[in-house]
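Peer 1: Chain by chain, the residues run as shown.
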Amino acid sequence: MNNFFGVSFTHNFMSIRLGRIQLHRIDFLLLFVPLSLACYLLKLPAIVSFTSAAAAVVAISHLMVEATGIISQRVSSTISALINATFGNAIEFMIAIFALRAGLETMVKASITGSIILNVLFLIGLSMVAGGMKYKEQRFNKDSAGLSSTMLIIIVVGLAMPSMYSILVGKPAQDMSIAVSVILGVIYLLSLFYTLVTHKHLFIVKREAPPSGSYRPWPFRVAVAILLISAIAAGFESSLIVDSITPLIDTLGITQTFAGLVLIALLTNIPEQISAARFARLNNMTLSLEIGMSSALQIALFVVPVLVLLSSTLTGSTMDLVLSPFELISLVMTAMIANYISADGICHWLEGAQLLAVYALIATAFFFI
Amino acid sequence: MNNFFGVSFTHNFMSIRLGRIQLHRIDFLLLFVPLSLACYLLKLPAIVSFTSAAAAVVAISHLMVEATGIISQRVSSTISALINATFGNAIEFMIAIFALRAGLETMVKASITGSIILNVLFLIGLSMVAGGMKYKEQRFNKDSAGLSSTMLIIIVVGLAMPSMYSILVGKPAQDMSIAVSVILGVIYLLSLFYTLVTHKHLFIVKREAPPSGSYRPWPFRVAVAILLISAIAAGFESSLIVDSITPLIDTLGITQTFAGLVLIALLTNIPEQISAARFARLNNMTLSLEIGMSSALQIALFVVPVLVLLSSTLTGSTMDLVLSPFELISLVMTAMIANYISADGICHWLEGAQLLAVYALIATAFFFI
Amino acid sequence: MNNFFGVSFTHNFMSIRLGRIQLHRIDFLLLFVPLSLACYLLKLPAIVSFTSAAAAVVAISHLMVEATGIISQRVSSTISALINATFGNAIEFMIAIFALRAGLETMVKASITGSIILNVLFLIGLSMVAGGMKYKEQRFNKDSAGLSSTMLIIIVVGLAMPSMYSILVGKPAQDMSIAVSVILGVIYLLSLFYTLVTHKHLFIVKREAPPSGSYRPWPFRVAVAILLISAIAAGFESSLIVDSITPLIDTLGITQTFAGLVLIALLTNIPEQISAARFARLNNMTLSLEIGMSSALQIALFVVPVLVLLSSTLTGSTMDLVLSPFELISLVMTAMIANYISADGICHWLEGAQLLAVYALIATAFFFI
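Chains as they are written, first to last, in UniProt numbering: chain Z, 1 to 369; chain B, 1 to 369; chain P, 1 to 369.
Chain Z with its partners taken away, still in its complex shape (with noise of 0.2 Å):
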């Protein structure tokens, strides 16, 4: 979606041209928007409600995407950098919000564990193996996969912290996650100002080569006015999937820790993962990296402590970053992995297929728990 760094980029879909409207083929999928209205006012099973408000919610971050991309052109990189940050992981949060309030606090926190593993061993994962089954070998940028494995670890640390106290000594740890959610805001601060003000020279070649832009020809305002409209609409449709989820986990007979681990996990971040995979076809190894790196420290270093420093106020109640053992061992294993398959800056379709093997057998794990 966008960057750990703020350059934004868009997909480069299949588009349809029907006279003077562009539509991609994900487009067609805002049928469910209204699809999924009329399963939820008509009480159709979970696994329909949820199955077409997921279909809806990938539709309008689609089309968040590409105004987005059309809104940074035109703003400073500040700005862009915020836009990005906010709107790219606005899904991820309205669900988050709507959950805690319905009081799923194991499913959210194991959808935050879910989508940093999601996105670096899965997503990186399987860019490795589509760019690998057409180049023998791919290179990518290892001082900024280097850079992101570090932060990797910081979030680790930060995320053990809580969750070790809470085993060990057995008191409650909301103070302590306020105070590692303060530390991670810090670093994601830090690390923009890294990005646009004093190593900016790193970063303004990507900005000004853009990789084809956004197709659409939407001026400005009604980039802007799309994207409010798709955020209030993508409001409605978590708000939706979170009513649905409770029937679902029990249809599925699985547990709050293994939805928010798989289920919602890998629903907020398809758009990410088809632009991976794309441009790793297109040989962009680092760009691929890059996304998956980048939404998960996104997740890590801003939706984290903002969840955690607003749930007092959105839900009465604070959130803490306690996480089970088993969450706690997958992200150390996943930090390490990220930064043993990082530290080449080359890459083969084995190597992806051994992050889908950590993936499959952390999988594993949460499925027998």
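Keep in mind the hints are simulated off the structure, nothing from the lab. Heads up, some of the hints might be wrong.
To be verified - With beta-carbon atoms standing in for the labels, derived distance ranges:
hint, chain 1, residue 1, chain 2, residue 2, range
1, Z, I346, P, D143, 20 to 28 Å
2, Z, L82, P, E137, 50 to 58 Å
3, Z, L82, B, T198, 26 to 34 Å
4, Z, R25, B, V197, 28 to 36 Å
5, Z, G345, P, N141, 15 to 23 Å
6, Z, I346, P, T251, 51 to 59 Å
7, B, K134, P, F220, 35 to 43 Å
8, Z, L228, B, T198, 44 to 52 Å
9, B, I232, Z, I47, 51 to 59 Å
10, B, I254, P, V182, 17 to 25 Å
11, Z, L168, P, V222, 52 to 60 Å
Glycine included, each C-beta is placed from N, C-alpha and C at the ideal position.
For this one, chain Z is given, so just place chains B and P on it according to the hints.
Peer 2: Relative to chain Z, chains B and P alone:
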């Protein structure tokens, strides 16, 4: 014995000519085949039976290496890889099967952990010290070492899951162990596909220049016969070893875990250790590292899945992959340090000593437990 | 103070000439030697006694650095390394011995963990930020940083073993701590052998061009006398610090662990921190990293073994190496991130901020416990 990528190599032991028959020093250990039988029949003390069977096993496994080396040169690379994987780990397999039948599951699992740790820390550490006493600095192929390091992490993740599940959830982990074994087995097959099909160009050079090949003038048929006879003898000696291990444990006052982790692991990997140290002295550090890493990986990606999946058929109950927390932390540390050491592609004796120190620390811990 | 490889270097503080006597700013802190004695005799509040003794210790350790610097240039490199190791850690030793006698074993162990974490995360992080405010990018020797990172892992493995043993087996870990100390001590001796004998060619260049050497025109005999007098004064101040620490803990409402991990660790490493930051501003990041790493390694490989092996003689009971799980996870994370940061040989202020963030996260956690 044979490396992870299906390339075979043989030992350059000092050899002696007796008329037309060329004998290697190690062949004299074949005398222990009848001796160990005698020990068994005479019901000599466990330490004597165990030692004589162990010496016989070393000699037999050397014969098997020579025979598979000759056979490998006549068959396709795929069949060669298969033969190497099967016969290269035959003794590990047989001892494991007999031990599982004798109810020594703890020892079998400890010997798996022990083989991984031994090959990565002790064998590679010894090679670096052996080579480092002759050369100030030695270089090795860090790409292949890096791929192996990543595999080690996957293995650690895989083995951690059932152990964590058992500790935290407290339920039997057989089903999860089967799932993990399938994933590890798939990764093994994929890595063979990578080596033998999609990226075989990276490995052909090595195959065309095997390190001087086999000394022995055995024709193909003789080699096949010797391989089969050796396998039968190996099976017999394996059963002797397992028979004498329980009384040996009592005599020495050690635990099943220590016996598996140190004794069995050392015994079944002696040929690899001698080869690796020799290649290090010949300044072929790349090969030394490959022997150690591939031996560790084959245990985890080939022996472990096969054992878990066949254990139900062969022994009546499914072996799970639940390791003790000490075994787990030892594996995690081994994987971490393997990556650190292999990252730069250069080594010297102090790095070898560092690996040996970690091995000593782990062995010490298991001695105290 | 002095690096791991036995090369000494001195501080380039602003100095002031008073006739023939050259004074450094830090020397004015020597006034705190009599002041701290006065505080003690007048039984002033703990915070006053502690602070004045701490200021005196900083001034004394600076004198000791200058004196060892002059002495090192006249003796063989082996004796120089020995003097540096002994006097460079004299204050840590003395405080530890007095604290052990006072029954503050938890604090002593926390101060060991704290010194390692502080030197690796805080000191190196601060240096990277200090240097990064002046230079966009700084380079350092990644080979030496890599060797130190690997040592850190060995230390973590070593310290993990007795802690795990105590947690999992529940028995006293004195014997295992002694075994671990012997192995760590052997690795220390081997690394000196590497530096001073087998690979001294790598370190000679540094020795021939010490960073401008000592300012002071002390003759050799005067330096020896000053060193011995300083050592005695240091012993006296150490006993004052330990005497005031228990009432200080009560006053501030902190734990022994927090006092050791943060207060004692900060205090005993102030000279290193100032030096490291200064060298970073002079764009000698290699030296900054070496100061931090070598200081951490000397604590673990020299101070820890000596303390454990002598504790029985000096205090009547053997100090074990059982750390709390929080200390252990902090060490593991420190070792991991040290490796990640040092892998590429390049740094900038954001990497420094990342290290400081991890330090902040760890300190926060220990504050809450």
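Peer 1: Hint compliance check: list the failing hint numbers for this structure, sorted ascending.
Peer 2: Checked against the structure, the hints that fail are numbers 2, 3, while the rest are satisfied.
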